[in-house]
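Colleague: Just so you know, the sequences run in chain order A and B.
1 is the number of the first residue of the first sequence in my numbering; add one for each residue after it.
1 is the number of the first residue of the second sequence in my numbering; add one for each residue after it.
Everything labelled a hint here was simulated from the structure, so no lab data went into it.
Every value quoted in this text rests on a predicted model; they were computed, and no experiment measured them.
Treat each hint with caution, since some may be false.
Looking from chain A toward chain B, a few residues come up when the C-beta cut is under 7 angstroms (computed) [claimed, not checked]:
1) G30
2) N34
3) F81
4) N98
5) Y124
6) D128
7) L129
Here are the in silico distance ranges between beta carbons for each label pair [stated by the list, open to error]:
8) B:A85 x A:F81: 22 to 32 angstroms
9) B:T131 x A:P54: 36 to 46 angstroms
10) A:H36 x B:G118: 26 to 36 angstroms
11) B:E137 x A:K63: 45 to 55 angstroms
12) A:H79 x B:T131: 54 to 64 angstroms
13) A:K63 x B:K132: 50 to 60 angstroms
14) B:G55 x A:R117: 55 to 65 angstroms
15) B:G40 x A:T126: 44 to 54 angstroms
16) A:K66 x B:K132: 49 to 59 angstroms
17) B:N82 x A:T91: 29 to 39 angstroms
18) B:G20 x A:V43: 29 to 39 angstroms
19) B:Q111 x A:L20: 26 to 36 angstroms
20) A:F81 x B:I102: 21 to 31 angstroms
Here are a few chain A residues that face chain B, going by a calculated C-beta distance under 7 angstroms [claimed, not checked]:
21) S21
22) D22
23) E24
24) V43
25) Y130
26) V131
27) Y133
28) F134
All C-beta atoms, glycine included, are put in the ideal place defined by N, C-alpha and C.
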Amino acid sequence: MLITRRAELSASHVCRLARLSDEENRALYGAAANPHGHGHNYVLEVTLEGDPEPETGMVFDLKRLKDVLQREVVEPMDHRFLNREVPPFDTVVPTAENLAMEVWRRIEPHLAGPRVRLHGVRIYETEDLYVDYFGEQP
Amino acid sequence: MIRLTRRYRFSASHRLHADGISEAENRALYGKCNNPHGHGHDYVLDVSLRGRVDGEMGRVADVAALDRLVRERVLEAFDQRNLNAEVAAFAERVPTTENLAIEIRSRLATQWDTAFPGVGPALDGIRIQETKRNRVELYERD
Numbered sequence: 001m002l003i004t005r006r007a008e009l010s011a012s013h014v015c016r017l018a019r020l021s022d023e024e025n026r027a028l029y030g031a032a033a034n035p036h037g038h039g040h041n042y043v044l045e046v047t048l049e050g051d052p053e054p055e056t057g058m059v060f061d062l063k064r065l066k067d068v069l070q071r072e073v074v075e076p077m078d079h080r081f082l083n084r085e086v087p088p089f090d091t092v093v094p095t096a097e098n099l100a101m102e103v104w105r106r107i108e109p110h111l112a113g114p115r116v117r118l119h120g121v122r123i124y125e126t127e128d129l130y131v132d133y134f135g136e137q138p
Numbered sequence: 001m002i003r004l005t006r007r008y009r010f011s012a013s014h015r016l017h018a019d020g021i022s023e024a025e026n027r028a029l030y031g032k033c034n035n036p037h038g039h040g041h042d043y044v045l046d047v048s049l050r051g052r053v054d055g056e057m058g059r060v061a062d063v064a065a066l067d068r069l070v071r072e073r074v075l076e077a078f079d080q081r082n083l084n085a086e087v088a089a090f091a092e093r094v095p096t097t098e099n100l101a102i103e104i105r106s107r108l109a110t111q112w113d114t115a116f117p118g119v120g121p122a123l124d125g126i127r128i129q130e131t132k133r134n135r136v137e138l139y140e141r142d
């Protein structure tokens, strides 16, 4: 069984590589390379996979999941400039792909249990673009 | 595994009509969608691709390349068009949402390697909403 909880965070970012010129960064990342940064209302969906505990009837305590998302992701990232204020994005480009993988790394240790595991992290950068991460690349 | 999904929109008209059966049978089968004058929808198309995230760039695919591919292969051919009259594939096949999904997948697949040269991302699947109340999903595992 899959259960999903949603959280929202608004943050600014810039997608550029230090070794490339402004022109090359623009060719690579388009408007997202603007050095002053720009922002998104990110929507995060975290999905857990497991079986309900017979006694509680829950796969995972959704209040606890909400607290983990709040503590590990929303508080450090909401209303921040990701490149300047949220490691590892001082050195890693904060694309939606890297953001999804970073969210996974931050929350996964807090969500494992005998009958539950993290199934996927979805990040909507906009309504028209989202990324799903399902764990380590093969 | 990482998957990136991008959403596109196009508006088109169509008529559902099977040549092999009678007018009455067509009306019974397709209902309002069989109206001889056709009718239209604001379609929502989600295209998903999967692959590896490039370590330095941090991306699974060049979204601009995907936008170009979908625009050139699908949107320019379908948007603001009559699918039966203006898209060759639907001269013979009924433009149901199912057949639309198959046609779009085929159009993307034929130019995929040109749009994403080398070890690029793979097409994971497409999803089409004909209206808010019905949609079709076609994934590569299907």
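Colleague: Answer holds if the nearest beta-carbon of chain B is closer than 7 angstroms to that of A:Y124; otherwise answer violated.
Modeller: Hint on A:Y124: violated, closest Cβ of chain B at ~9 angstroms, above 7 angstroms.
Colleague: Given A:Y130 as an interface hint, is its Cβ closer than 7 angstroms to any Cβ of chain B?
Modeller: Result: holds, 5 angstroms to nearest chain B Cβ.
Colleague: Hint says 55 to 65 angstroms; check whether the CB-CB distance for B:G55 and A:R117 agrees.
Modeller: Violated, since B:G55 and A:R117 (Cβ atoms, about 26 angstroms apart) do not stay within the stated range.
Colleague: Honestly, do A:H36 and B:G118 meet the 26 to 36 angstroms range at C-beta?
Modeller: For B:G118 against A:H36, whose Cβ atoms are near 32 angstroms apart, the range 26 to 36 angstroms holds.
Colleague: So does A:K63 sit 50 to 60 angstroms from B:K132, Cβ to Cβ?
Modeller: 32 angstroms, violated
Colleague: Given the range 29 to 39 angstroms, decide if the beta-carbon distance of B:N82 to A:T91 lies inside it.
Modeller: With Cβ atoms ~52 angstroms apart, the hint is violated.
Colleague: Look at the Cβ atoms of B:G20 and A:V43 and judge whether their distance stays inside 29 to 39 angstroms.
Modeller: 46 angstroms, violated
Colleague: Quick check on A:V131 please, does its C-beta sit within 7 angstroms of some C-beta on chain B?
Modeller: Because about 5 angstroms separates A:V131 from the closest Cβ in chain B, which is inside the 7 angstroms limit, the hint holds.
Colleague: Using the nearest Cβ pair, does A:S21 come within less than 7 angstroms of chain B?
Modeller: 15 angstroms, violated
Colleague: Falls inside 54 to 64 angstroms, the C-beta gap from A:H79 to B:T131?
Modeller: With Cβ atoms ~37 angstroms apart, the hint is violated.
Colleague: Next item in the hint list is A:N98. Is there a CB on chain B closer than 7 angstroms to its CB?
Modeller: 4 angstroms, holds
Colleague: Taking the least C-beta to C-beta distance, is A:Y133 closer than 7 angstroms to chain B?
Modeller: 5 angstroms, holds
Checked against the numbered hints above, the structure violates hints 2, 3, 5, 8, 11, 12, 13, 14, 15, 16, 17, 18, 20, 21, 22, 23 and 24; every other hint is satisfied.
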